Every structure is written in structure tokens, then in C-alpha cells.
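Asks: So the chains spell out like this:
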Amino acid sequence: MGRPLGVVTLLALAVGLGAAFGWAPRDAVQGNVQRIMYLHVPAILTAYAAIGVAFVASLAYLRGRDPRWDRLAHASVEVGVLFTAITLVSGSLWGRPTWGTWWTWDARITTTALLFIIYLGYLLLRSVVEDPERAATYAAVVAIVGALDIPIIHFSVEWWRTLHQPATLLRPQAPTMAAPMVATLLLNLAATLCLYAFLVRRRMRLAVLEAEARARRWR
Amino acid sequence: MSWRRKFLLGGLVIAAALSWVVYAGLRGSMVYFVTPSELLAQGGAAAGKAYRVGGMVVEGSLDRDLPTLQLSFALTDGRATLPVRFRGTPPDLFAEGRGAVVEGTYAGDGVFLASTIMAKHSEEYHPPADAEPGYKELMRTLLKPGEGEAAK
Chain A
1 MGRPLGVVTL LALAVGLGAA FGWAPRDAVQ GNVQRIMYLH VPAILTAYAA IGVAFVASLA
61 YLRGRDPRWD RLAHASVEVG VLFTAITLVS GSLWGRPTWG TWWTWDARIT TTALLFIIYL
121 GYLLLRSVVE DPERAATYAA VVAIVGALDI PIIHFSVEWW RTLHQPATLL RPQAPTMAAP
181 MVATLLLNLA ATLCLYAFLV RRRMRLAVLE AEARARRWR
Chain B
220 MSWRRKFLLG GLVIAAALSW VVYAGLRGSM VYFVTPSELL AQGGAAAGKA YRVGGMVVEG
280 SLDRDLPTLQ LSFALTDGRA TLPVRFRGTP PDLFAEGRGA VVEGTYAGDG VFLASTIMAK
340 HSEEYHPPAD AEPGYKELMR TLLKPGEGEA AK
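Protein chains in written order, with our numbering: chain A, 1 to 219; chain B, 220 to 371.
Hints listed in this document are in silico derivations from the structure and should not be mistaken for laboratory results.
All values derive from a computational prediction rather than experimental measurement.
A portion of the hints provided could be inaccurate.
What the hints assert, rightly or not - Lysine to any residue pairs mimicking SDA-like chemistry, simulated, CA-CA at most 25 Å apart:
1) K225/B with R63/A
2) K339/B with W105/A
3) K339/B with L62/A
4) K339/B with A174/A
5) K339/B with E133/A
6) K339/B with A113/A
7) K339/B with G323/B
8) K339/B with W103/A
9) K225/B with M204/A
10) K339/B with T110/A
11) K225/B with R35/A
12) K339/B with L45/A
13) K339/B with V89/A
14) K225/B with L62/A
15) K268/B with W103/A
16) K339/B with E158/A
17) K225/B with F116/A
18) K225/B with L59/A
19) K339/B with G121/A
20) K339/B with P151/A
21) K339/B with W102/A
22) K225/B with V129/A
23) K339/B with V29/A
24) K339/B with I86/A
25) K225/B with I144/A
26) K225/B with W103/A
27) K268/B with T110/A
28) K225/B with V145/A
29) K339/B with T104/A
Said to hold, decoys possible - In silico negatives: residues of chain A with every beta carbon more than 10 Å from chain B:
30) A85
31) W160
32) A211
33) W218
All C-beta atoms in this analysis are idealised placements derived from N, C-alpha and C, irrespective of residue type, glycine included.
Construct the complete structure from the given sequences, taking the supplied hints into account.
Replies: Structure representation (C-alpha cells):
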């Protein structure tokens, strides 16, 4: 399973990259720099998905104390933090040529940076609590509470005045974007979701090996 | 302090921070920028203070003096109009009829002295009318500057 998923991921990333540069038209207003969107938006949507999975897995862990749920939550958060970082960096690179700034404290950027910090805190918490079961319990609560930030990020552009524009894709009406651009975006989203699944599987396998090594040391 | 208490405290801090963000935001006290009419309504009290002001760049108001990089234009929210002065190079997307957010101080004499200009763009994305899709178009526009209308 690991290898076929890896191959599919690699192919999807290559096709997505090809579509972003070779197939999608340039934007009338922003020109070619708008192509950063095909990394920026899939990265944050994948981060949402990762944190969403961690939220559900943490609830499941707190109910049944099955370590497999905890491993899923932990792996998912790690990959989610990675994709949040990609979002922040690509957004900064996109903001400079279009808005004229690398960074500004608008509500969407601030709440996304908050998401990054909350889940960095999650990873930190796991590493400072020595007892694995206690670490898992504490971390699960942080993962559940922290996920509340995702709807705040999404609605930030409606609740507050921001430099970010309102939603293009995730809105009740039809997307305000040309069809080939939407297709390229969805293709790249599929690719980043594959990458997420691939990384989470590898990370969970690593967690099993870590647990086994720890058990062997205790014996 | 036991781990359990430390942990509870940490969880409370996170929950409190998140709820404050929502509460403050919904009450409107966490404002990223003010509009020209909100700024001008404060009158003399706003003089000399730092603000971030957002609005549309009034058509026909933009005046550039290239040798000195002096830029003057007016921002409007439909109700009030604020004259802005700036020195430097604005972002590519900055243009008349488009949204912009400026940072700076209100001079009191009715003029806003901006130190930073940020351009807002809409949530709409579409190819230019003359675009031919594909790789050739990308190479052409990369090699030849002056691609979108933004570069005008």
C-alpha cells in the first residue's frame, strides 16, 4: 500500500505542477504571479483536513484510549503543521509582489499564524511529557480545542476587515474563477491530499517502531 | 504545580485566547483598517496619530511625480474622501478604481501621510481576453514584461 500511494502522489504532484505552469491561463490582473495560488490554497486546505483528522482521532482516542487513534492524531498534526508552514511562506511570497508586503497582521494571516503556533505547542507538549499515555491525553485536548481556529480562519474574511479578499471557492455561490483555474486548483489539492496521506502513513509506521523500541528498552 | 494543573491552565489559556479573538472581532474592536469616513469623523482628535486606512482609489485622483517618487491620490469609501500623500514605489496592483490599504499618520490638515501602501485585489480570477492558454503563453509573458493590466 505504501509504495503505490507514493507513486500516485508523485504522479499527481507532477501533473499538478505541469497544469499550474503549462495549462492554467495567467490571471488578467495579477499576471503569472497568481500561479502561487496552486500551492498556497491546496496547502491550507490540506492543513485544514489534517487538523480535522487530528480533531476526530483525538476525540476517538479520549473515548477508547486506543493508541492507534493517538498515532493518527500525532502524525496528522505533524503533517498539518508542515502544510500550515507552506501556506504561510507561499502566502508571504505571493503577498510581496501583489499587495506590496511580506507580512501584515490582517485577521486571516494572524489566525493562520495562531494555528501554526497552537499545533507547534501540541508537538512541544508531546515531547515534554514523558509518560506516553499522559502525553497523548493532554495532546488530544489541545488538538480538539485548537481545531476551533479553523472556522475562525475561514470566516475571518467575512467577520473582519482584512487585506485578504473574500472566499473564491468555498462559498455558497459558484466560484468566481475561470474553469481551467478551478480545475488546476482541484488537481493540485488532490495531489497535496495524496502527499498528506502518504506522509501520515509513514509517520504512523514510524510511531509503531518507536513504541516497540521503547518497550524493548523497558524489558 | 502538578502536570494536570499546568495542563488545565494551558488549555484554559488557549481557549480564552481563541474566544477573545472571536469576541473582540464580533464587537468590532479589533479593526485592521478604518475607512476614510471613520477617520474624518474623529476630526482633530485623529491628528498626528497612526492609522491604517482602507478604501478605493478615486478615479482620476492619482498623480505621480516620477523624479521625486511623490505620489498623491484620494481614498474613498463612498461617503468621505481622504487625500493621501506617499513617497516611494507602490505595489504593482495599486491603481485607480482599485482597493488599497495605507499605513501612516493623519496630518490634521485633512491630508494623510502614508508610509506604506498595500493593494487589495478582488476574489475574482480570470484569464485576460487575449490569452492563449498553455506553456507558450507563459514563456512569452515571462520573457516580455508588461503582461497583465497590472503592469500598466
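Asks: If a hint holds in the structure, say so; if it does not, say that too.
Replies: Each hint tested on the structure:
Between K225/B and R63/A the alpha-carbon distance is near 22 Å, which keeps this suggested pair within the 25 Å criterion. Between K339/B and W105/A, the direct Cα distance comes to roughly 14 Å. Compliance with the 25 Å bound is thereby established for this hinted pair. At roughly 44 Å between alpha-carbon atoms, K339/B and L62/A are farther apart than 25 Å, so this suggested pair is violated. Straight-line distance between C-alpha atoms of K339/B and A174/A comes to about 22 Å, which keeps the hinted pair within the 25 Å bound.
For the proposed pair K339/B and E133/A, the alpha carbon gap of about 48 Å is over 25 Å, so the pair is violated. For the suggested pair K339/B and A113/A, the alpha carbons sit about 20 Å apart, so the restraint of at most 25 Å is met. Straight-line distance between C-alpha atoms of K339/B and G323/B comes to about 17 Å, which keeps the hinted pair within the 25 Å bound. With a C-alpha separation of about 14 Å, the suggested pair K339/B and W103/A falls inside the 25 Å cut-off, and the hint holds.
The suggested pairing of K225/B with M204/A is violated, with an alpha-carbon distance near 28 Å, which exceeds 25 Å. Restraint check for K339/B and T110/A: the C-alpha separation of about 17 Å stays at or below 25 Å, so the hint holds. Our distance criterion of 25 Å between C-alpha atoms is broken by K225/B and R35/A, whose separation comes to about 45 Å. Among the hinted pairs, K339/B with L45/A is consistent with the structure: their alpha-carbon atoms are about 22 Å apart, no more than 25 Å.
Note on K339/B and V89/A: the hinted pairing holds, with a Cα-Cα distance of about 19 Å set against a maximum of 25 Å. At most 25 Å may separate the alpha-carbon atoms for a hinted pair to count; K225/B and L62/A meet this at roughly 19 Å. Among the hinted pairs, K268/B with W103/A is consistent with the structure: their alpha-carbon atoms are about 22 Å apart, no more than 25 Å. Our distance criterion of 25 Å between C-alpha atoms is met by K339/B and E158/A, whose separation comes to about 15 Å.
Restraint check: the Cα-Cα separation between K225/B and F116/A comes to about 21 Å, which is no more than 25 Å; the hinted pair holds. With a C-alpha separation of about 21 Å, the suggested pair K225/B and L59/A falls inside the 25 Å cut-off, and the hint holds. This hinted pair does not check out: K339/B and G121/A have alpha carbons roughly 33 Å apart, beyond 25 Å. About 23 Å separates the Cα atoms of K339/B and P151/A, which keeps this hinted pair within 25 Å; it holds.
Between K339/B and W102/A, the direct Cα distance comes to roughly 14 Å. Compliance with the 25 Å bound is thereby established for this hinted pair. Our distance criterion of 25 Å between C-alpha atoms is met by K225/B and V129/A, whose separation comes to about 11 Å. Only pairs whose Cα atoms come within 25 Å are accepted, and K339/B paired with V29/A is accepted, the gap being roughly 11 Å. Between the alpha carbons of K339/B and I86/A the distance comes to roughly 22 Å, so the proposed pair stays at or under 25 Å and holds.
Restraint check for K225/B and I144/A: satisfied, since their Cα atoms lie roughly 18 Å apart, inside the 25 Å limit. Using a Cα cut-off of 25 Å, the hinted pair K225/B and W103/A is violated, with the two alpha carbons roughly 33 Å apart. Under the criterion of a C-alpha separation no larger than 25 Å, the hint pairing K268/B with T110/A is consistent with the structure, at around 24 Å. This hinted pair checks out: K225/B and V145/A have alpha carbons roughly 16 Å apart, not beyond 25 Å.
Restraint check for K339/B and T104/A: the C-alpha separation of about 12 Å stays at or below 25 Å, so the hint holds. No beta-carbon of chain B is positioned within 10 Å of the beta-carbon of A85/A; the least distance is around 20 Å. At the 10 Å boundary, the C-beta of W160/A falls inside the reach of chain B, the nearest C-beta of that chain being 5 Å off. Distance check for A211/A against chain B: the nearest CB is about 21 Å away, which clears 10 Å, and the non-interface claim stands.
Separation of W218/A from chain B is adequate, the least Cβ-Cβ distance of about 21 Å exceeding the 10 Å criterion.
The structure fails hints 3, 5, 9, 11, 19, 26, 31 (numbered hints given earlier, in ascending order).
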